[in-house]
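First to last, the protein sequences are chains A and B. Numbering follows the numbering used here, in which position 144 of the first sequence is assigned residue number 173; successive positions increment by one, without gaps. Numbering follows the numbering used here, in which position 133 of the second sequence is assigned residue number 148; successive positions increment by one, without gaps.
Hints in this document: simulated from the structure, not taken from any laboratory. Careful, some of the hints might be misleading.
Partial pick of chain B residues on the chain A-facing surface, computed with a CB cut under 10 Å [claimed, not checked]:
1. Pro21
2. Met43
3. Arg45
Values in this document were obtained by computation on a predicted structure and should not be read as measured data. Ideal Cβ placement from N, Cα and C applies to all residues, glycine included.
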Amino acid sequence: MLEHVPLVTAGLFPNGVSRYAVGGLFVGFGVLVIYVGTGIAAGASTFLESTLSYASEQSRFQQYVASRDWRVVFTLGIVLGGAVFAATVQSGLITTALYEAGSTGELYEAGGVTFWSTSIQPWRLFLGGIFVGIGTRVGKGCTSGHGVCGVGSASRTSIIGVMTFLLVAIATAQIVAGLGVSP
Amino acid sequence: MGNRHPLFKPLVFVGGLSFGFGLGFSQMARPEVVLDFLQFEDFGLLFVMFGAAIVSGIGFTLIPRVRDAAPLTGDRYERRLKSFDRNVVIGGAIFGVGWGLSGICPGAAYASLGTGNISILWALAGMFTGAYAQGYWRSLSTSTERTPTSVD
Chain A
30 MLEHVPLVTA
40 GLFPNGVSRY
50 AVGGLFVGFG
60 VLVIYVGTGI
70 AAGASTFLES
80 TLSYASEQSR
90 FQQYVASRDW
100 RVVFTLGIVL
110 GGAVFAATVQ
120 SGLITTALYE
130 AGSTGELYEA
140 GGVTFWSTSI
150 QPWRLFLGGI
160 FVGIGTRVGK
170 GCTSGHGVCG
180 VGSASRTSII
190 GVMTFLLVAI
200 ATAQIVAGLG
210 VSP
Chain B
16 MGNRHPLFKP
26 LVFVGGLSFG
36 FGLGFSQMAR
46 PEVVLDFLQF
56 EDFGLLFVMF
66 GAAIVSGIGF
76 TLIPRVRDAA
86 PLTGDRYERR
96 LKSFDRNVVI
106 GGAIFGVGWG
116 LSGICPGAAY
126 ASLGTGNISI
136 LWALAGMFTG
146 AYAQGYWRSL
156 STSTERTPTS
166 VD
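Turn these sequences into a full structure, and let the hints steer you where they fit.
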């Protein structure tokens, strides 16, 4: 019986599961480190509004003045974490069987580092980004705030939020693909 | 808030590094891979989100039983609980449209920039535009109606 399991999982997980599981552990560890040291359950999307408080006096943004500095630090850490991944695993400096490289987008070399660029059309990124910017802030969280911290807290609000954005995103992506939009 | 421990920001930075590295390693920083999940071609994303939620969930559950307050801030350990109202569903649905169209969410967009994905600046520009638009509108409506009682 057991020899059929890889066949089934290969259909659901054509790139295996290890890169996803290991990556998820690093994401969770990052959240955990900050929580242990500071008591803060850090989400990524509040940065959008807290950073606008440097430039706008609107009350909606000014409410985040107290947290805006560390949120900039958190975001710079995330950007640099992506760069460390590019300089190590993506560049082949560190090789591990846990990482499946895949074939999406375009790889390019710069300064001895293998970088990566998406093939998704700019209008999709920009228009989608506008919806993400509105929705995450109106909806009180994003994939990290609701999805990781909120679900990790067994918050009913976050579980409802995650179910909502997952189902709507699946429907949207299927419709967009069905209309022949690619990439 | 003013006199935080000198290690406060360095620790947040280290947490961000791990967070961003994980989004790179899991390829969530690649919109194509997220779209593959949403189109039922690769279900790996579930391992990322729930894997991370389990790790953070163990911490959120156990740490408050061991200690009362966080060493670097003195803040009490609490779970991330937000009040439920219709905004959670409305905002979640709007976010879902954007996530399904672009394949990118805020944290993954920051990490994607780090992996060299210059095109993701389009998504970040969109996110700031959207965040500004809703903040501008909501600042107007709250200042004319009542003072906000935010739990964020």
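To see whether the hints hold, each was checked on the structure:
no.	hint	in the structure
1	Pro21	violated, 12 Å
2	Met43	holds, 7 Å
3	Arg45	holds, 5 Å
Checked against the numbered hints above, the structure violates only hint 1.
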